[in-house]
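A.B. asks: Residue-level listing of the chains:
Number of protein chains: 2
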Amino acid sequence: MPYTYAFDHKHRRPPMELKDLLGGKGANLAEMTSVLGLPVPPGFTISTDACRAYLEGGWPEGLDAEIARQVRKLEKAMGKRLGDAADPLLVSVRSGAKFSMPGMMDTVLNLGLNDESVKGLADQTSDERFAYDSYRRFISMYGRIVLGLDGKLFDAPFEEAKQRSGVESDAEVGADVLRELAESYKRVVADSTGQPFPQDPADQLRGAIEAVFGSWNGARAVAYRVRERIPHDLGTAVNVQAMVFGNRDDNSGTGVGFTRDPASGAQGEYGDFLVNAQGEDVVAGIRNTLPLSALRDRFPAIFKELMGIFARLEEHYRDMCDTEFTIEQGKLWMLQTRVGKRTGRAALRMAVDMTKQRGWKITREEAVGRVAADHLDQVLHPQFAEKPAQLLTKGLAASPGAAVGKAYFSADDAAAAAEQGEAVILVTSETSPEDVHGMIASQGILTSRGGLVSHAAVVARGWGKPAVVGAEAVRISGRSFTVGGTTVHEGDVISLDGGSGEVALGEVRLTLADPPEEFTTILKWADQIRKGRLAVRANADNGPDAANARQFGAEGIGLCRTEHMFLADDRLPIVRRMILADTPAEEEAALEELRVAQKADFVAILEAMDNLPVTVRLLDPPLHEFLPSTEELELKKATKGLTKQEERLLAAAQSWHEFNPMLGTRGVRLGVIKPGLYAMQVRALMQAAVERLEAGGKPRVEVMIPLTVTRQELGLARGWVADTVAEVVGDLPKRVANKLDVLIGTMVETPRAAVRADEIAEEADFFSFGTNDLTQMTFGFSRDDVEGRMMSAYLEQGLLKRNPFETIDQGGVGQLVADAVEGGRATRPGLKLGVCGEHGGDPESIDFFYRVGLDYVSCSPYRVPIARLAAAQAVIANP
Amino acid sequence: MPYTYAFDHKHRRPPMELKDLLGGKGANLAEMTSVLGLPVPPGFTISTDACRAYLEGGWPEGLDAEIARQVRKLEKAMGKRLGDAADPLLVSVRSGAKFSMPGMMDTVLNLGLNDESVKGLADQTSDERFAYDSYRRFISMYGRIVLGLDGKLFDAPFEEAKQRSGVESDAEVGADVLRELAESYKRVVADSTGQPFPQDPADQLRGAIEAVFGSWNGARAVAYRVRERIPHDLGTAVNVQAMVFGNRDDNSGTGVGFTRDPASGAQGEYGDFLVNAQGEDVVAGIRNTLPLSALRDRFPAIFKELMGIFARLEEHYRDMCDTEFTIEQGKLWMLQTRVGKRTGRAALRMAVDMTKQRGWKITREEAVGRVAADHLDQVLHPQFAEKPAQLLTKGLAASPGAAVGKAYFSADDAAAAAEQGEAVILVTSETSPEDVHGMIASQGILTSRGGLVSHAAVVARGWGKPAVVGAEAVRISGRSFTVGGTTVHEGDVISLDGGSGEVALGEVRLTLADPPEEFTTILKWADQIRKGRLAVRANADNGPDAANARQFGAEGIGLCRTEHMFLADDRLPIVRRMILADTPAEEEAALEELRVAQKADFVAILEAMDNLPVTVRLLDPPLHEFLPSTEELELKKATKGLTKQEERLLAAAQSWHEFNPMLGTRGVRLGVIKPGLYAMQVRALMQAAVERLEAGGKPRVEVMIPLTVTRQELGLARGWVADTVAEVVGDLPKRVANKLDVLIGTMVETPRAAVRADEIAEEADFFSFGTNDLTQMTFGFSRDDVEGRMMSAYLEQGLLKRNPFETIDQGGVGQLVADAVEGGRATRPGLKLGVCGEHGGDPESIDFFYRVGLDYVSCSPYRVPIARLAAAQAVIANP
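Each protein sequence line maps, in turn, to chains A and B.
If you're matching positions, the first sequence starts at 1 in full-length UniProt numbering and goes up one per residue.
If you're matching positions, the second sequence starts at 1 in full-length UniProt numbering and goes up one per residue.
No wet-lab data here; the hints were simulated from the structure.
Heads up, some of the hints might be wrong.
No copy labels: a pair is met if it fits in one copy or bridges any two.
Restricting the straight-line Cα-Cα distance to at most 25 Å, the calculated cross-link-like pairs of lysine to aspartate or glutamate (DMTMM-like) are [what the hints assert, rightly or not]:
{"no.": "1", "residue 1": "304", "residue 2": "159"}
{"no.": "2", "residue 1": "644", "residue 2": "634"}
{"no.": "3", "residue 1": "801", "residue 2": "819"}
{"no.": "4", "residue 1": "636", "residue 2": "658"}
Construct the entire structure; sequences and hints are all you get.
C.D. replies: Below, the structure written as structure tokens:
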């Protein structure tokens with residue numbers, strides 16, 4: 001396989017499909033040249049193969065010869081030679097990975113200029129100023145980008161020169177001064193690197209190519225890939241292209257153009273251009289650009305030609321395109337094109353519009369495929385509308401949406417300030433159930449500790465409230481916090497974006513959350529596509545959340561966590577009474593109080609989800625979660641002393657204390673140790689169902705046993721549930737009882753349950769994969785512990801391709817899920833299968849779950865639209 | 001299938017192989033009757049099928065009819081009828097499960113007596129006193145055992161009667177008094193149960209049979225099965241047998257006999273008998289028994305007959321037998337036989353002796369198969385030689401061996417008392433590395449918290465020191481502890497048995513630990529059998545332990561835990577310096593100090609294990625294990641204040657604190673975050689190897705990476721190791737370097753590593769299964785947290801058949817091991833495979849590991865002989 005391909009190379013497949021090999025930019029240049037026949041300056045692409053070979057074993061053998069051959073071909077096509085003292089060919093060198101990637105080396109222009117060829121350029125263009133300006137630009141660009149020198153080293157002499165010449169704008173600097181500047185720039189390079197500025201264009205080219213290759217592993221590029229989930233082993237391609245100049249004269253110019261508006265999605269051209277300028281000037285924003293429509297008057301023929309190209313591009317790519325172009329002395333050149341990035345609003349509008357396009361159109365399946373999860377997030381939640389002026393830190397993006405408010409450092413303070421009408425951000429090390437009133441009152445939540453399943457994160461997501469958690473750089477001390485050198489006091493305004501994890505000082509302008517009408521259209525189409533293939537449910541723990549989830553299109557509840565019912569302020573004392581009970585009678589009495597409370601909760605949920613399935617998970621967390629911490633009580637004991645009740649709480653907390661609560665007495669194990677607990681919960685649930693029935697409702701109840709490891713365990717628990725159901729139903733007229741629809745199933749969240757799914761299915765009507773815990777146990781990763789420094793190190797070093805808590809680890813955890821599906825269905829072909837871990841809302845994981853044969857996914861209410869879309873995309877992708 | 005079988009039923013297979021169906025007792029009675037033709041009173045067995053059917057669905061249909069048929073057959077054989085007023089047939093009813101099982105209903109004798117038949121018995125025997133004594137014995141036995149009445153209800157009238165009669169011994173009580181006693185016993189039954197004593201023999205029989213069935217699920221029986229790992233679903237058989245009477249006259253008697261001495265294993269008969277007595281009298285120890293040899297003079301013909309039977313039994317069973325017999329008026333009856341229980345010494349001696357028996361002999365394979373792990377434990381460790389007079393509690397049996405000493409409550413106090421020459425037991429809530437001096441000084445260790453992998457347990461096992469841990473009933477308060485109502489003060493003598501978990505007040509006599517010569521013989525034979533099939537290594541962390549392990553026959557080290565090297569008193573401050581380091585230079589300096597210390601440790605280990613493989617696991621535990629606890633420091637901060645150093649320690653402890661340390665930043669994750677750490681350890685190890693080489697030794701080093709989850713991770717770590725090896729070896733002459741034998745491999749201890757073993761094997765020369773952690777993660781069981789109340793509940797309720805930390809869970813964890821073996825060897829056929837979890841010393845698990853194809857097991861040094869034996873047994877069992 002060759003390492004290099006000319007833009008006009010005849011590939012066997014359309015070049016736009018060869019982005020793996022040619023990178024995105026190279027593929028599109030080849031597509032425009034060899035397929036569309038558009039006016040593209042000739043050039044060639046050095047493939048990603050070459051980059052990977054270089055990164056593994058240094059400069060690849062034979063690459064020099066190939067490049068020399070391509071350069072000769074290019075010289076022939078252009079009728080000029082690189083470094084020619086009379087009429088030099090100049091080239092640009094640009095990186096171009098499969099995915100657009102900031103942080104990598106970007107562009108070196110005017111490569112091929114040296115002390116001799118600059119004269120040739122001056123002669124050929126009869127413009128000495130232009131030639132030396134190009135030369136000094138090239139030296140500084142090469143110095144900065146290829147040699148890694150500080151840009152200021154070049155800015156200073158330029159400013160000096162302007163002062164000396166007594167001029168203000170760059171354009172006024174004369175040719176002589178620019179020639180001198182080129183000389184001093186060369187001295188800067190020699191002084192800083194110990195090597196003279198390379199004069200041989202072949203050396204310049206190789207230096208630039210190596211710089212592109214090397215930049216693949218630059219810190220910013222690596223961090224970007226981690227964030228954007230781009231594999232580290234793709235490598236980048238390099239594009240070498242003949243230069244054209246938009247800065248030759250006033251009959252020249254350069255611009256960027258979109259085939260329609262990337263912000264609103266509106267039809268019609270959109271973009272900016274500059275007369276007599278190079279591309280970098282447009283991007284740099286040094287001069288005020290003109291709107292693209294101004295071309296119509298200024299260069300009517302060019303405008304017409306460009307609009308023709310836009311139409312052809314849209315038709316060819318069947319999507320909105322983003323282009324760069326240059327006009328050199330009246331001739332239009334296309335420098336780049338790609339399918340353009342767009343806002344969420346625009347994505348929705350374009351997708352719908354393009355199904356009704358004249359001339360060409362996309363199908364509804366394609367339209368659904370054009371909208372990404374991020375697009376929906378954008379229209380569902382406010383976001384930062386501008387780059388924050390003073391970014392403080394980045395934490396974990398725990399719950400999407402942006403918020404602005406005054407910082408308060410305790411739930412009480414936050415609630416009090418909100419009472420006064422203030423917009424509040426709650427800032428705290430971590431939250432607990434006792435902080436819930438403050439969290440409700442706040443616009444957003446910022447914590448310095450905890451991971452994406454910490455209390456703050458889980459609760460915020462459930463409410464759709466913006467949250468950034470685990471912001472480790474935030475050091476809270478009393479009523480202020482410091483980040484780096486900045487201190488933020490109570491009442492200072494901060495902004496946070498829970499979709500990006502950014503935290504900023506002061507007020508950042510926010511976009512509005514306003515789903516356009518196309519939102520509904522696209523989701524309707526998505527639902528039609530996935531209907532009967534993959535259902536979407538929501539995780540919701542109370543009536544309002546359930547109602548909210550239904551609004552978002554949830555087709556049932558996949559996970560109702562009953563522990564949240566235990567944590568409410570008015571319930572916790574009862575739960576503690578149950579734990580502290582000295583006699584069975586006391587325990588019974590406490591359980592009875594809880595039953596009454598839980599029943600009311602269940603009635604509300606079943607009502608909100610009438611005629612849709614509601615999966616209720618019996619109590620799961622270890623009991624000490626309902627007790628104060630031992631540390632707290634021991635500290636109080638040592639300092640202020642304890643009340644008698646506190647002494648009892650301390651003893652209980654010590655007795656239930658666990659070294660690794662994640663792997664302790666929780667889930668069905670609690671049921672084994674306190675069987676009355678589960679019976680009480682099922683009684684409350686069934687009584688609620690009966691109440692709904694009697695009110696004319698259609699309750700559909702699924703009782704779920706958590707943390708099963710053996711068939712025997714599930715058999716025992718199933719017995720309790722069935723007995724309690726029979727007990728409640730036994731009192732009913734048969735006619736009513738027959739309408740009750742109750743399934744009994746289990747979470748599959750331990751590796752053992754997955755391995756022994758065949759046995760466990762004997763006792764289960766359904767499985768719901770708890771992929772959070774399954775991931776924790778399969779990897780041995782406690783999410784709260786590893787999600788900070790460890791996960792970052794693992795992702796940056798490529799030890800993990802993805803954070804397995806965000807996207808399911810298909811090879812490991814996913815293998816266990818697939819095995820369990822196979823084992824479970826072998827025993828019970830009609831076994832109902834779903835997932836209720838956080839992965840249920842992740843598009844890539846949803847695709848996996850669809851492929852292994854699950855019946856539904858369940859996620860937080862605010863994530864339901866994304867899951868509906870992703871489910872449809874999974875169906876489309878796996879016909 | 002019938003539910004009942006007469007003893008003379010012609011089974012298709014030898015009855016002794018039908019213990020599943022007939023129970024042990026029934027099978028042996030049938031064997032003696034139908035195969036050996038010995039004089040056995042006729043009878044029949046109600047099978048375990050009937051018991052299981054009864055326990056599931058009540059009294060089985062058709063069973064009554066079958067029993068009636070068997071009774072008629074028995075009546076015909078004996079020429080008597082049950083309940084006959086003239087000449088009644090009497091029967092015994094005995095339980096008999098597959099495995100001998102205390103806690104179940106044992107025996108009801110004389111069944112068939114009632115107000116009428118007692119007269120017939122009196123007439124037939126011409127012995128009214130005998131008849132009424134038999135009747136009143138029957139009523140009280142039935143009352144106690146079948147009806148569950150308190151024995152005291154019957155003792156009181158008897159004592160009264162003796163007082164009234166003015167006699168002292170039972171034998172002096174006359175026939176009239178006994179007749180009255182029978183009447184008052186019947187009143188006791190009627191008063192206590194509200195029902196008259198059953199007069200119909202068929203009712204009596206059914207009652208007794210139901211009582212046997214029901215006793216299968218009695219609390220003591222269940223607890224016994226949990227302890228002895230007997231499945232709960234076997235059920236028991238019931239044996240109904242015609243009575244013979246050893247208490248008819250002085251020409252009668254009863255006894256128990258062993259075909260050789262079950263205590264020493266010496267050849268020749270052994271046992272006790274009583275003239276004119278019933279079996280229960282021998283067992284009850286009411287009268288002084290005569291040695292079996294006395295039969296020779298008293299009943300020479302019977303003695304000769306019995307010795308003939310003994311010889312036939314030994315030849316038939318090819319093992320030592322345990323028998324019960326009765327002489328009724330000069331005729332010998334065999335009531336029971338079974339292969340006899342024996343002490344460890346006896347087991348070893350018999351096994352060796354029987355390979356050289358005249359007439360019949362066993363093979364060496366059989367001899368090896370005859371010795372159990374418990375037998376070796378007995379000869380390797382002292383044990384309680386008597387039942388403790390005052391048992392305080394039972395904790396977890398953490399390290400076998402018994403010890404007696406004075407209780408001390410801190411490591412310092414224990415060490416000081418030991419210094420004064422006292423035998424000491426250290427009693428503490430839990431131990432930490434700072435208590436090691438006190439643990440060394442003690443005879444045994446008792447802790448009130450922690451599981452079988454707690455610090456105390458692990459350290460004690462490594463030293464072969466008796467330990468009972470997690471004795472939750474022990475409440476320590478200052479220098480005393482209470483258990484129930486008893487308080488034990490400092491200096492009070494207590495005894496503990498780390499093999500049974502028993503803790504007793506006062507001195508309990510101990511057996512000596514003294515392996516007889518046959519110990520060596522059996523292990524030599526075992527080694528010959530397993531040679532080349534399954535090797536045995538030891539887990540050892542320092543030179544003396546390694547030397548000790550080699551003495552016990554270890555063929556290398558399967559796990560050298562380098563963290564123990566970090567915990568020594570003189571190392572911990574250096575480790576903390578490393579953790580607290582503010583600059584890379586400080587960290588480097590601390591690592592360098594550690595390197596020097598570790599190198600010396602490695603030299604000692606490699607020397608002790610010269611020319612045998614030594615697997616060194618790089619640092620595994622989370623760093624906070626080397627820091628003081630946050631609770632402790634925070635408490636001190638709140639009360640006394642902290643020094644500056646302590647403030648730093650607190651900050652570090654908080655920063656490294658984890659919610660679930662088991663699933664946190666440990667193992668290779670530490671290496672990723674602090675790569676210098678692993679490089680230092682490998683450098684120390686390789687320098688030690690070089691030193692050994694230069695001293696003429698043959699170091700064989702295996703470097704093991706802990707907690708791997710991905711191939712990438714292992715590839716990275718392998719790189720560090722290989723680089724450091726290359727760096728150290730690079731300085732050596734090639735001739736020397738070539739002699740260095742270094743393998744690089746990984747623990748497989750996360751479910752993910754097992755699932756992705758195919759990939760991971762690409763980077764591994766060997767796998768060592770860490771089945772402790774693998775079990776924890778596969779089940780989601782934190783051993784420290786679940787091993788107390790939860791595990792007990794699970795075993796008692798049959799939710800788990802075995803404690804999966806003691807014997808590997810073949811269906812779940814074992815399936816992952818088997819998958820990993822397959823995956824690993826598919827990638828790398830020569831992959832070396834071992835296990836270094838605690839299961840490596842468990843015989844049943846060893847059998848499993850042999851079957852799935854591991855190359856070696858590794859266990860604590862004191863467990864090595866057991867593992868050698870078990871490995872040979874595995875080879876024999878899986879030809």
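A.B. asks: Look at each hint and say if it fits the structure.
C.D. replies: Evaluated hints:
Taking CA atoms no more than 25 Å apart as the test, residue 304 paired with residue 159 passes in neither setting, with 41 Å inside one copy and 125 Å between copies. For the identical chains of this complex, residue 644 and residue 634 are neighbours both inside a copy (14 Å) and across copies (23 Å), given an alpha-carbon limit of 25 Å. In this assembly of identical chains, residue 801 and residue 819 lie within 25 Å of each other by CA distance both inside one copy and across copies; the values are 22 Å within and 24 Å between. Within a single copy, residue 636 and residue 658 get their C-alpha atoms as close as 21 Å, and across copies as close as 23 Å, so both meet the 25 Å cut-off.
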